[in-house]
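Trainee: From first to last, the protein sequence lines are chains Z and A.
Taken in order, the first sequence gives residues 38 to 155; the numbers are from this note's numbering.
Taken in order, the second sequence gives residues 37 to 149; the numbers are from this note's numbering.
One thing to keep in mind: the hints can contain errors.
[Said to hold, decoys possible] Take a look, some chain A residues computed to stay more than 12 Å from chain Z by CB distance:
hint	residue
1	Ala53
2	Glu56
3	Ser109
[Said to hold, decoys possible] If you want the footprint, here are the derived chain Z segments under chain A, 3+ residues with CB under 8 Å:
hint	stretch
4	47–59
5	70–80
6	143–155
[To be verified] Just a few of them, taken from the derived set where beta-carbon distance is under 10 Å, the chain Z residues facing chain A:
hint	residue
7	Gln43
8	Asp67
9	Met83
10	Phe84
11	Ser85
12	Phe127
13	Ala129
14	Pro133
By construction, these hints were calculated from the structure, which means they are not laboratory data.
Ideal Cβ positions, reconstructed from N, Cα and C, are used throughout, including at glycine.
Single-letter residue listing:
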Amino acid sequence: DTAVSQTPKYLVTQMGNDKSIKCEQNLGHDTMYWYKQDSKKFLKIMFSYNNKELIINETVPNRFSPKSPDKAHLNLHINSLELGDSAVYFCASSQPGGGSVFPTDTQYFGPGTRLTVL
Amino acid sequence: AQSVTQPDIHITVSEGASLELRCNYSYGATPYLFWYVQSPGQGLQLLLKYFSGDTLVQGIKGFEAEFKRSQSSFNLRKPSVHWSDAAEYFCAVGAGGADGLTFGKGTHLIIQP
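Sequences and hints are given; from them, build the entire structure.
Mentor: Dropping the structure here:
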């Protein structure tokens, strides 16, 4: 019963390709996020969605496009992949304002997707 | 803008010894503070969090952290480390809501036998 899951775990592709990473959470949370962890392990927020609506869109190339078909899913589509896109991408979810089961505003992370662009 | 500083990139501790990992933050209001741990090749696991109230918070795996507003710090401690504690530790700050977390650069913990 994984709370936040991502597929695939590993993704190796050529420069110029288009790829997608999928994220699903079964926690009933309203908010989902994408983070990028670079080769130095630095984590940076890319996007957040609240109930399928884009809330945060940090300075990310427009080749990256998040899509939320429903509040349990947040996919990341990347066009025209570049070498610098190689990183680990983490999905997370939280329930702003808290709830009876999960502590307020705590973000729960998926296992990550390691993207390697050759 | 909010920021997090973890001044120690690497820390080496002998198994059984005590541990303190430092975290300083910059934030305009009362922050939400978190410590996450990342084992090699794994995702981030929440160790503990501070939102309000008691400034000494207990977490999983025997960790605790103390919020000190006057020092803008949220240091992580453990009285006796185990070899399985070897990992990357991240301090993070957030505003709550749908705000993203701002992470420090992490501290790599090495456990000596």
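Trainee: It remains to establish, for every hint, whether it holds in the given structure.
Mentor: Cross-check of the supplied hints:
1. Ala53: At about 24 Å from chain Z, Ala53(A) clears the 12 Å cut-off, so the statement holds.
2. Glu56: Glu56(A) is indeed farther than 12 Å from all Cβ atoms of chain Z, at 20 Å.
3. Ser109: holds (20 Å)
4. 47–59: violated (count 0)
5. 70–80: Contact hint for the stretch 70–80 of chain Z vs chain A: holds, 6 residues under 8 Å.
6. 143–155: holds (count 7)
7. Gln43: holds (8 Å)
8. Asp67: holds (8 Å)
9. Met83: For Met83(Z), the interface hint holds, since the closest Cβ of chain A sits about 8 Å away, which is under 10 Å.
10. Phe84: holds (8 Å)
11. Ser85: holds (5 Å)
12. Phe127: holds (6 Å)
13. Ala129: holds (8 Å)
14. Pro133: Where the cut-off is 10 Å and the nearest Cβ of chain A is about 5 Å from Pro133(Z), the hint holds.
Taken one by one, the earlier hints fail for this structure only at number 4.
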